[in-house]
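These are the residues of each chain, in order.
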Amino acid sequence: MERTLLRFVWAHSWRWQLLIVLGSFLSFPLILAALYIPKEIVNGALRGTAFPKVVLGLELEQLQYLVALCGLLLAMIFLNNGVKYYINVTKGLTGERILRRLRHGVFDRVTRLPPRRLRLTSPGEVVQIITAEVEPIGGFAGEIVATPVYQGGQLIVYLGFIIAQDPVLGLAAIILFPVQAYVVPKVQRIVVRLVQARIRNIRKMTAEISETITGIDDMRVAGARNWHLAKVSDRLYHNFRIRYRIFLLKYAIKFANNVINNVTPFFFYSFGGYLVIKGQMNLGALVAILAAYKDIAAPWRELLNFYQTYSDISARYDAVVATYGGEPLPPPAEPVSLRDREIALSDVSLPGHAGLSGASLTLKPGQSVLVLGEEEAGRGALVRILAGLDMPESGSIRVGDQQGRDLLVRAVRDIAIAHRAPHVMRGTLRDAVAYFVLADRGSGPRPEDWERREREARITGAPPDSPEMDWVDYARAGVEGREEFDSFAIGILSLVGLREDLFRRGLGVVIDPRREPVLVEAALAARAALAAETGDAGLEAMIEHWDPDRFLENYSLGENLFFGAPDDPADLECFCEDPAVRAALETAGIAEEVVQIGLEAARTLQELTGSLGPDSALLDRIGLIEPSERDDYAAILLRARRGIGRLGRADRLDLARLAFRLVPLRHRLGVLDDPARRQRIVAARQRIARAFRPARPFTRFYSGGYVPGCPLVENILRGRPRLDRRDASPPIEARLERVLDDHDMEGFVLRAGLGTQVGTGGNSLSTSQRRALGLARALACRPALLILDGVLDGITEDQVALRRDIRRMLPDAAIVHATDHDAIADDVDRVVRIAGGRIEAADEAAEDGAPGRAEDAVEGEVEP
Amino acid sequence: MKISNETEILAESPLFCRVDRGQLKLMALMAESRTFHEGETLMVQGEEGDSAYVILEGEAEVLVRVGGHDTPVARLGPRDIVGEMALLTETPRSATVRACGTLRALRLDRATLMRCLQEFPCMALELLKVMTVRLERTTQELARTRAELEEMRAGG
Chain S
292 MERTLLRFVW
302 AHSWRWQLLI
312 VLGSFLSFPL
322 ILAALYIPKE
332 IVNGALRGTA
342 FPKVVLGLEL
352 EQLQYLVALC
362 GLLLAMIFLN
372 NGVKYYINVT
382 KGLTGERILR
392 RLRHGVFDRV
402 TRLPPRRLRL
412 TSPGEVVQII
422 TAEVEPIGGF
432 AGEIVATPVY
442 QGGQLIVYLG
452 FIIAQDPVLG
462 LAAIILFPVQ
472 AYVVPKVQRI
482 VVRLVQARIR
492 NIRKMTAEIS
502 ETITGIDDMR
512 VAGARNWHLA
522 KVSDRLYHNF
532 RIRYRIFLLK
542 YAIKFANNVI
552 NNVTPFFFYS
562 FGGYLVIKGQ
572 MNLGALVAIL
582 AAYKDIAAPW
592 RELLNFYQTY
602 SDISARYDAV
612 VATYGGEPLP
622 PPAEPVSLRD
632 REIALSDVSL
642 PGHAGLSGAS
652 LTLKPGQSVL
662 VLGEEEAGRG
672 ALVRILAGLD
682 MPESGSIRVG
692 DQQGRDLLVR
702 AVRDIAIAHR
712 APHVMRGTLR
722 DAVAYFVLAD
732 RGSGPRPEDW
742 ERREREARIT
752 GAPPDSPEMD
762 WVDYARAGVE
772 GREEFDSFAI
782 GILSLVGLRE
792 DLFRRGLGVV
802 IDPRREPVLV
812 EAALAARAAL
822 AAETGDAGLE
832 AMIEHWDPDR
842 FLENYSLGEN
852 LFFGAPDDPA
862 DLECFCEDPA
872 VRAALETAGI
882 AEEVVQIGLE
892 AARTLQELTG
902 SLGPDSALLD
912 RIGLIEPSER
922 DDYAAILLRA
932 RRGIGRLGRA
942 DRLDLARLAF
952 RLVPLRHRLG
962 VLDDPARRQR
972 IVAARQRIAR
982 AFRPARPFTR
992 FYSGGYVPGC
1002 PLVENILRGR
1012 PRLDRRDASP
1022 PIEARLERVL
1032 DDHDMEGFVL
1042 RAGLGTQVGT
1052 GGNSLSTSQR
1062 RALGLARALA
1072 CRPALLILDG
1082 VLDGITEDQV
1092 ALRRDIRRML
1102 PDAAIVHATD
1112 HDAIADDVDR
1122 VVRIAGGRIE
1132 AADEAAEDGA
1142 PGRAEDAVEG
1152 EVEP
Chain U
23 MKISNETEIL
33 AESPLFCRVD
43 RGQLKLMALM
53 AESRTFHEGE
63 TLMVQGEEGD
73 SAYVILEGEA
83 EVLVRVGGHD
93 TPVARLGPRD
103 IVGEMALLTE
113 TPRSATVRAC
123 GTLRALRLDR
133 ATLMRCLQEF
143 PCMALELLKV
153 MTVRLERTTQ
163 ELARTRAELE
173 EMRAGG
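Going down the list, the sequences are from chains S and U.
Under the numbering used here, the first sequence is numbered contiguously, ending at residue 1155.
Under the numbering used here, the second sequence is numbered contiguously, ending at residue 178.
In case anyone wonders, no lab produced these hints; they're calculated from the structure.
Quick caveat, the model's predicted, so the values are computed rather than measured.
It cannot be assumed that every hint is accurate.
[Claimed, not checked] Below, in silico cross-link-like pairs of lysine to any residue (SDA-like), each with a Cα-Cα straight-line distance of 20 Å or less:
1. U/K24 x S/L1014
2. U/K24 x S/G444
3. U/K24 x S/Q970
4. S/K522 x S/S413
5. U/K24 x S/T895
6. U/K24 x S/D965
7. U/K151 x S/D965
8. U/K24 x S/S413
9. S/K585 x S/G444
10. U/K24 x S/E868
11. U/K24 x S/A967
12. U/K24 x S/K585
13. U/K24 x S/E898
[Said to hold, decoys possible] Computed from the model, here is a short list of chain U residues facing chain S with C-beta under 10 Å:
14. I31
15. E34
16. C39
17. R40
18. E54
19. R137
20. E148
21. K151
Quick reminder that beta carbons are idealized off the backbone N, C-alpha and C, glycines included.
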């Protein structure tokens, strides 16, 4: 990054800066003209007498001359403001582009910093720098050349003009400028130091805030809230102190400037006046000095203001450069391939706490090595070197016949690591698997505004690719394209034991049929297959089917009446408000009963929850009414005492809404248990079907087609899994999977599962699921060197089988198991023991012999 | 079945018999109703659990694995509660419970019970009393068994 703000801005925007300067000078004569024309209108056109006037060879009478001047004035106004507009837009554009470049540049550098350096950085600090700290630079970048040039130019012109006329007068007008030029920077230097202190303080505060939020659970458990509050409060106090001192100084500078600017005329009046009275100076000269000073003072003030702002903003830039822009970063190095090549570390060291010293190790393709030791005893450091995260500070690394300490750092594409706490990025499960096989650039369909994107990217030094494009490098995963990758991802997730979770997630997906026509087709085929299936009576008993002639206990009253669902699940919440819905209820003659059901439910709920506090969490759990609505329903119940028929429209709507939400098996309020009432509801269903003209897309159960508002599982089952059979074993998902598997049809559910979101940081997954996902994505890139750090180091049947599967999938990969216990020592080719930052024992036999199993002659940990 | 009936059954269960009727209703409201068929398990010994069941209808048998075989040790019927230890501690299930015929039960999860206890401290107190009585009985039984063991050893 450029060392100073001015250099940075100039290097990346000199063309526009020149345009802005040019525009500024262009506007100067226009401003003068706009001032001169009104004078000419008064003096020439209105007071003038010598008509007709000849202008550009045309003879103009007085009125014509006035019209011509006014027309010219209007043109000047438009032109002048047009130029101003152009300058402002160019300034803004320049600022925004500089800001984008700076932000992107900082982020780019942060992501390229050596990991050891980055470990000292808090995420909050980076966010603060990229978002808040550099923001004012964008607003200022457009001014940075134009203002000093324009104002300075004005100053020089005026000064030159006056000095040319009378050198003494000119010098008298600027007599106090040197004082200001000396004092202001002195004070400003203190301000800059304070600005830098403020930036450091705020960075620390953001770091503290982000740390608190990350560990909020622990903070609550520890009851440490006040301590955290005190820390932030302390930062805020310092911030206040610094800001207070800054504005004291700023206003002090302003005060001094104002005084000096006004003291100069004071001298003129007093001394000049004295001289005039004494007859040593004539009055005209004094008036001229005063006028000249007025002209000069304005640009001078602007220049001083500019200087203050510049040093302020510049201090921000310097703070950014000092943090992330200082050291030169090597350009992205050429990748190194590890395929079928031997990796040899010799005498490598990584100093520091929990470091490593003088370690030598050779990894052959197809070999598996157990690195045994405590993480702090050097195992962690060795893993980081092998994974290419840290470069050893001494020693050498050889890959095949290539030598260089940075070889592993450059081989990231062929290395994968799975550890106990992988960070899963927000996105779908598919994205999570694809994370290790991302390409350098997006491909596939480009966004609509591609040309503009690309131009802006070129101007600001950023990549134009949108994350919406296809970023998967299918070749690295060894597959042909998207479809095949999905199957590949499902295969890998199944391998690591996530198949069942994938299936469960897939069942719960609500699909937009327009976007996923293939899934819909598969679901309908599965539905048909399942309908023909009679093998699993147990499964049938777990489902409540969409039977048009029966009351459904697992569906809400609304769903029972309209026997369908809005295509957009979001519409369900306000379904009741739809006039078409109300009209259909009226036509079917069931509207009154719905309100009655709502009333009974509200009454029962009130009886049950009457003793609860005002913001009880229990109400939330029941989920029928919001805690905030409780008083509303209590008021409705009061009003209903006078008779249900006398309730107003709004009350009836509220009651109907409550009634519509009731699911008999879940809520068990007893208001939908009466067989006669159920009969009436089922009977109304037919009439509603005939009368209902939905305003928003709505699909009926058993229209034979796909019901977009229902999750995949209900579409496959033609009904809902019974709520009261949820704890049955085996669960419905397992039974369903077995049946679909028999028909070879479970693939589409798994595919749907691939598209489900994992949440920020994978928070919709359990720790063990995240760990499995971490392993899956490491396998997805078919690494030449796979490092399993603290995972998959047990000897349960599943783990042994998974290790075998991994070896089958990656026959030529070197696999490093790093762990602190030797349970799998019999399962690997070699064992390397680490303690106290040194490799204590590693067999050297394998280096001479063929890759494969070898004995550790020194310690004898490995059974052949 | 609706909540008022369920509440009656809850009220007859020893654990909840002293809890206020209104509060029991609330608990029933937040519990979930479950059906198990012949041979299905409510819980399996050794597995993690976060819920308890109050049997409403039907019967279940409690099985403890001894030497690789599931041995029936008790039979449960309506009003019996099972798996309540899991509500308070996070220990694995100490026995397997299997439905004999169709069984209807109320499922209480840990969150529900914890919220109820927070909401109504007197319920926590009642629960404490019941648990204390049980602990006392167990301690006495333990002491008696120990004494018997000592006697046998002395005798043998």
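Results for each hint:
1. U/K24 x S/L1014: Within the cut-off at roughly 15 Å; holds.
2. U/K24 x S/G444: violated, 89 Å
3. U/K24 x S/Q970: Roughly 18 Å between the alpha carbons, so the hint for U/K24 and S/Q970 holds.
4. S/K522 x S/S413: holds, 16 Å
5. U/K24 x S/T895: holds, 11 Å
6. U/K24 x S/D965: Holds: U/K24 and S/D965 sit about 11 Å apart, inside 20 Å.
7. U/K151 x S/D965: Distance ~40 Å between U/K151 and S/D965 Cα, so the pair is violated.
8. U/K24 x S/S413: Cα-Cα ~55 Å, so violated.
9. S/K585 x S/G444: Holds, because 16 Å separates the two Cα atoms, which is no more than 20 Å.
10. U/K24 x S/E868: Outside the cut-off at roughly 29 Å; violated.
11. U/K24 x S/A967: This hinted pair holds, its Cα atoms lying about 17 Å apart.
12. U/K24 x S/K585: It is violated: about 91 Å lies between the C-alpha atoms, which goes past 20 Å.
13. U/K24 x S/E898: This hinted pair holds, its Cα atoms lying about 14 Å apart.
14. I31: For U/I31, the interface hint is violated, since the closest Cβ of chain S sits about 13 Å away, which is over 10 Å.
15. E34: Violated, about 18 Å.
16. C39: Violated - the Cβ of U/C39 stays beyond 10 Å from chain S, reaching only about 19 Å at its closest.
17. R40: violated, 17 Å
18. E54: Since chain S brings a Cβ to about 7 Å from U/E54, closer than 10 Å, the hint holds.
19. R137: At about 6 Å, which falls below the 10 Å cut-off, the nearest Cβ of chain S leaves the hint on U/R137 intact, so it holds.
20. E148: With a minimum Cβ separation of about 16 Å from chain S (threshold 10 Å), the hint on U/E148 is violated.
21. K151: Constraint on U/K151 not satisfied, violated at 21 Å.
Checked against the numbered hints above, the structure breaks hints 2, 7, 8, 10, 12, 14, 15, 16, 17, 20 and 21 and satisfies the rest.
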